[in-house]
Amino acid sequence: MRYIPRILATLFVLLFLIALAYSVQSTMSLSRAFSGIGTEAELRDYHVAVFVPQAGSLFMDRVIAGASDAAAENGVALTIHTNDGDGLALRMARYSGIDGAIIYPSMGESETRRRLDELDRAGIPAVLIEHGVVDDWPWTFVGTNNFDVGRRIGELAAAVNGDPVHLAIVYSEKSPGVIAEKELVELGINSTLGPRLAAPVIRKQTGLNPLAAENLTYQILRTMPDVNTIAFTDTADTLAAIQVIIDLNLVGAVRVIGFGITEMIQDYLDRGILAGTIMVNPGKIGLEAVRVMVGMIRDGHSPGYVDTGVEVIRGRP
Amino acid sequence: MKAIRNSLRTRLLISSVFGLAFIIISMTYVLFVTVRFQRIVNDQFQLERFFQDLQREVIAIRDPLVDYLSSRSSTALADLLVEEQILRSMIPADRTIVDDPFLLDSREIFFLLESYLDLMHEAIALKRARAIEEYTTLYETMSQLNLHITTQIDRISLYGLRRELTSYEQLIESSRSLLFWNLFVLVSAFISSVFLIFLSIKRVTDPMHRLAEMAGELSSGNFEVEDIQMEAVTEVGVVIRAFNRMKGDIRQYIAEINKQKQIEQGYLAEKVRNLKMEQLLKRMELYTLQAQMNPHFLFNTLNTGVQLAITEDAEQTADFMENLANFFRHNIRERDLVVPLRHEIEGLESYLYILRIRFPRTLGLSMDVPEHLLDTCRVPALILQPLVENSVIHAFKGVQRDGTIAIRIRQDGTRIILSVQDNGIGIPRETAERLLRDDSRDLEHPSKVMGLKNVIHRLHFFFPSLPDVVTIRSNDGIGTEVLITLDTRIEACIPS
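First to last, the sequence lines map onto chains A and B.
Quick note, the first sequence lines up with residues 562 to 878 if you use the working numbering.
Quick note, the second sequence lines up with residues 448 to 943 if you use the working numbering.
To be clear, the hints were calculated from the coordinates, so they are not data collected in a lab.
Any given hint could turn out to be false.
[Stated by the list, open to error] Have a look at the derived ranges for each label pair, beta carbon to beta carbon: (1) 579/A - 612/B: 46 to 54 Å; (2) 769/A - 591/B: 21 to 29 Å; (3) 521/B - 769/A: 15 to 23 Å; (4) 478/B - 582/A: 17 to 25 Å; (5) 569/A - 460/B: 21 to 29 Å; (6) 591/B - 786/A: 47 to 55 Å; (7) 609/B - 860/A: 34 to 42 Å.
Quick reminder that beta carbons are idealized off the backbone N, C-alpha and C, glycines included.
Use the sequences and the hints to build the structure in full.
Following this line, the structure appears as structure tokens:
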């Protein structure tokens, strides 16, 4: 009985210490969490800006992810700018204090060339990704050779079809790099299929709407019954078109060549709904672009051209 | 130093100060944390406010630029330069490259702004040089740059705001947790302080409580309780030690008092026994004395002699024998210890007749007794005759002149004074004082107490409250007077 006050005093002192410890911990964690923006950010050697099309896509996300990985490895800080309507960000890039610019040329070639010239005059190195521009000056390029893309589509169409091949190719604004070099893509297809093409390749295009391919595919199949093979250049378009093929019960009758890879696309491949898919490596594009940029900043020169390759994926048996 | 630390005042002061300090420190800590929390919240939106100000200034510089380029007025130029200074002061010198999107965008904005200001100077120079086409083109670029800067500021403000909103939930959650723990800190600090002060007070008051209990025990007469052995503050320790010592002393005193009481009781019992024995002895002595004066045979013989003297016509012999017989009869028949004065005087007159016959020429005897006192006064029996006898025996040894003995009795208020005076050789002072002193040694030899001393003893015995009941006035060679002073209000003390 006589020790109860002493026990209670000790207990409350302990509670006080525990509460104090938790309070201090809460304060410190709060201070750490909100101690100011960037206080925990790492110092970087170079500031590189990446200019990508306004519309975000899985392809661009992967490019940026690859670029971010390479930036972290090479001491580079990246800022991502979307080329909005008038491309103001790219126009003002020369004044922004950046050490280099990685550009996805989504605007017209002449506009792109002007910006490249401005950057060059300001002493800012630039790397083009996904596709290049026709110019007298050999601007550094990292990306896929779209001729190879066409060649791979041709090889796949030949493999899944007998003669003749009625091929329609659907470009998309969501993959502007392919659109920019669609002639090169078709040159690759023609060079592969040659006489097996029953008719010239039918050229179609979707907008930024991820569901746009559904209606377009339906129209192709209704108005062009001879088409037995459709090739897409965007992942969202591929997924949208497959639904139409399934709905019209044309699986096997119309061969679909997809673009990119997702779990659903892989499932369609395994089930034979998709004949195959063209896989360009956007992550590698971003990765190589940053590496090339770092080389240009540090050493003053670059390899000029880096091909990140094209791959064809078929269903698993 | 230890004594100061252990003192009651210091203890109470320290415990109170410590308890209060505990609470105050806790409250200070909570206040500090609250202020810190407010600063964190404030810092959250500081960058947004800064970019809002920056955007306002970027927009504000447009008008002076247009004014100057269109009018080239010095006022517009001055406004333009003022705006430039304001903007330049807002551009941080440190634009380190870090891996943070917000800071990287901010860095770009500062570079864009710096480029804008540099282009502004270029435009001013072109205006002064009247290069119309060039500064017009440059103005267009600057307008786009200005627009881009404000757009970028909007973008990062929005980005920052979104980020702050994302962390706002975390902030609220953290603040709720912080408030809870702070409340817990305060409550537990308060309760801990209360208990610590209580313990300190208890440590001081426990010994006092024990003291109060012991005081209760002592007041109920229990002095056998054990000493208080407790650790206590200096002042209370002093009280405890004093209390223990006091309890021991009281216990010892009580034991001594009890012992003395037992001794006194024994002493009193012994004294009472002695007194009873003394009374018995005195009575025995009295009876013995009276027995000595009871010669029946002699009395009867004297009566026979009187009858014979009458038969032979020897009248003087017959008177002598008759007085002698009266004297003896008086002595024999007297059994009362206190008698009327008349009775005493009658016996004395018989004795004086005998003396006059014995010493017809050499001894003068006189007696002066007021008649009214004879029946109103009572005196112890046989107190005058022994005095007269004592004078006859001792006062006239070796004296050639005639002796006189005067007996006087008088009343002085409530006092009756009986005096027997002689003109003998006197009694030495030492002898008189020794006679008057109630010497205990005499009690051991009562048979030897005779004459004057017998009278003195009996008077002291009958009147213990009158220390001067008998006095002796004596002058060497002139005479002696023995005075007996009785108080009519005081009865003789006669043992039953």
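Q. Looking at the structure, which of the earlier hints fail to hold?
A. 1, 3
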